[in-house]
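Asks: The listed protein sequences derive, respectively, from chains U and R.
Heads up, the first sequence is in our numbering, so the first residue is 1 and it goes up one at a time.
Heads up, the second sequence is in our numbering, so the first residue is 1001 and it goes up one at a time.
Calculated directly from the structure, the hints in this document are not laboratory data.
What you are looking at is a predicted structure, and each value in this text was computed from that prediction instead of being measured.
There may be inaccurate statements among the hints.
Below, simulated DSS-like cross-link-like pairs (lysine-lysine); rule was C-alpha separation at most 27 Å, straight line [to be verified]:
#1 13(U) - 1066(R)
#2 1210(R) - 1067(R)
#3 1239(R) - 1200(R)
#4 1161(R) - 1200(R)
#5 1066(R) - 1239(R)
#6 13(U) - 1210(R)
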Amino acid sequence: MSRWFFLFSQWFKRDLGGRYRGSWLGLAWPILQPLAQISVFTLVFHFFMNMRWPLAGVAFDQDPGGTSVLSATEYGLNVLAGLAVFNFFAEVLSRSPSAIISQPSLVTKVRFPLALLPIVTAAVAMLHILSAFCIASVVLAILGKISWVMLWAIAWLIPIALYGLGLSLILASVGVYVRDIGQIMPAVNSLLMFLTPIFYPLNAIPLQLRGLFEANPLAWASESLRQILLNNQNLVFSDWVTHFFISAAVCGAAIVLFRGLQRGFADVL
Amino acid sequence: MSSEHQQNDRVVGSADLPDVIVAKQLGKSYRLYRHPVDRLLHFFMPNRKKNFASFTALHNVTFELKKGEVLGVIGVNGAGKSTLLQLISGALHPSEGQLRTQGRIAAILELGAGFNPDFSGRENIYLNAATIGLEKYEIESRLDSIIDFAGIGDHIDQPVKTYSSGMQVRLAFAIATSVDADILIIDEALSVGDGAFRRKSFDRIMEIRKRGTSILFCSHVLFHIEAFCDRVLWLHRGKIQRLGALSEVILPYQDFIDAYSLDGSAQPTDAPRVEQSTEALKVNKAPDFDHSAGQSVRFKAPQNDARFTEVTVSLDGVTGKELSGTSLLSTLEVSMRFASDPSIPSPTAALVLSTEGGKIVGTALSKSASLLIPRTEDGIGYISATISRIPLNKGRYRVGVYLFCERAIHGYDMIDPVAHVMLEHHGSEQGACLFQTVWEAHL
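Whole structure, please, built from the sequences with the hints as guidance.
Replies: Structural data, given as structure tokens:
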């Protein structure tokens, strides 16, 4: 077990370092990148298009229609929660299909636990959520709105991680056989970005369509994260249990699929 | 380069030693689908019509490897050597038969798996060593010896992308051979790095062999096989052609290769080139050094290495690069001057005559003549080899010279061809060799 963890940590470092090593700001990027994204979204949607966060009763600003800095901060934090979820899944979707293809020698030349590669991909993608937690904690601490309710985020994370892991295992193993998956993912991601309530709240969607949107696990993930972080509300337990079981099933199916497909990797690569 | 020169420093093949590898009717076949997607569909719908062709890379391979034994694996390209090594290393799963291995396996099939060019040499040691199965404490205890062996020195904390390709390969080799394995699998790994490192890596493998590690050794270089191995497995088209002692396998294999080099279509169809030719000796040439005959250059050999500095070829006293003479009459004389690192044992030299196509017709080794070449304090040596009444049939021959280590295994330098010799002969004898025959009539 310790050997497995050591191997994991080496590949985790490799994956992470491969991206930020050599860049001037290095590991500051996981913080700077979402900040830049949020700034753009807030500027365009909050200031230019006058979007407000109409969640009932819990606005930071006493004047929800206002354009004060506080109001913009509230909008930004809501976007941050949605973006954290989206960036995590987007990275899993875009990087997993090549997780195994990019290391052919590990498939054919070395006895290596190949499932480790998509696991590392999912783990590294979790950094988006971690950095969002850090940013949110700092901002909320400054505003004096930090609370113990935020610890629910730990429970919240479990189904999210299982979804990500399951997706990564599926995409990495199927991606060995169907290379097109890597090509489709950018389009899927831009679709997801608009169909997930990132820069708009879920209740902005007409009621007739709401059920459809709620079927998207990313919608539940971002909305429930907002409830915990920004509205000091406890996790809705029934929803959480539902997603926990679905995500566990996805992950279990992914493990079965990966094991089955793994035997053919060497024939294809 | 006959089996007499192999080292007999170990007693092997005793029947009471345990088997570390037992392969029974081992086979591997690949399914070739028209497209990888078909393979995926077949996984989900096993009852779907079969739309793949099977390709058998290995079939019915049965052998055992005893503890401490070294088994050579030979065969032309596409014979299934790599598949066999991959199966035993555990990277591939057999599709038929049984394979049982005992103990830890280290495979030098791929050097530097997972290397990240942006990481320092030290970080890559941890990454690569973990990838090939070392634990953290093992890496830490071997770290210094790996860095030392690779000769990376202060560069160890620099990114690997700043290394020369030689440094990268040296580092990878040092990591790969630091595993304390019960079974070591080597695929052509001896020909890595520059001359000095090749000698070191060679010694390292020898040392591992002496420790009693069982080795599976795959090489195209037959004199390496002869130097290392106790037994040889010859694979041909995925099946065992022969398995047995060196002399039982190497000589028929050499015959096969020679026939194959003359008529490649006669036997295997998909292996493109001759593998045991003079090119296969794979000796590093000094890149910026002019070996032109007759030119005398002061040259100091690099560390742990040796280089020819001047080689002249003369036939019947005439020196040049294109020489002509007569079979069974002319005298060939080759003079070699070399520079070597005085700290290494005095090298041995070889004279190789080959056809224009590269097929060796004859060699002469200074080691076989038990000649210990004297050198000056600077490591300069001067020797000559004379073949009188040259017993070769008419034709044009290449003359090549090689400089080997004291065991005549590891090559330091080569010049091939250093000259060409055109021989005339007025008989209609066939074959490359002319016998100095005495014909007598008895009534």
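Asks: Hint by hint, which ones does this structure get wrong, listed from lowest number up?
Replies: Violated hints (numbers, rising): 1, 3, 6; every other hint is consistent with the structure.
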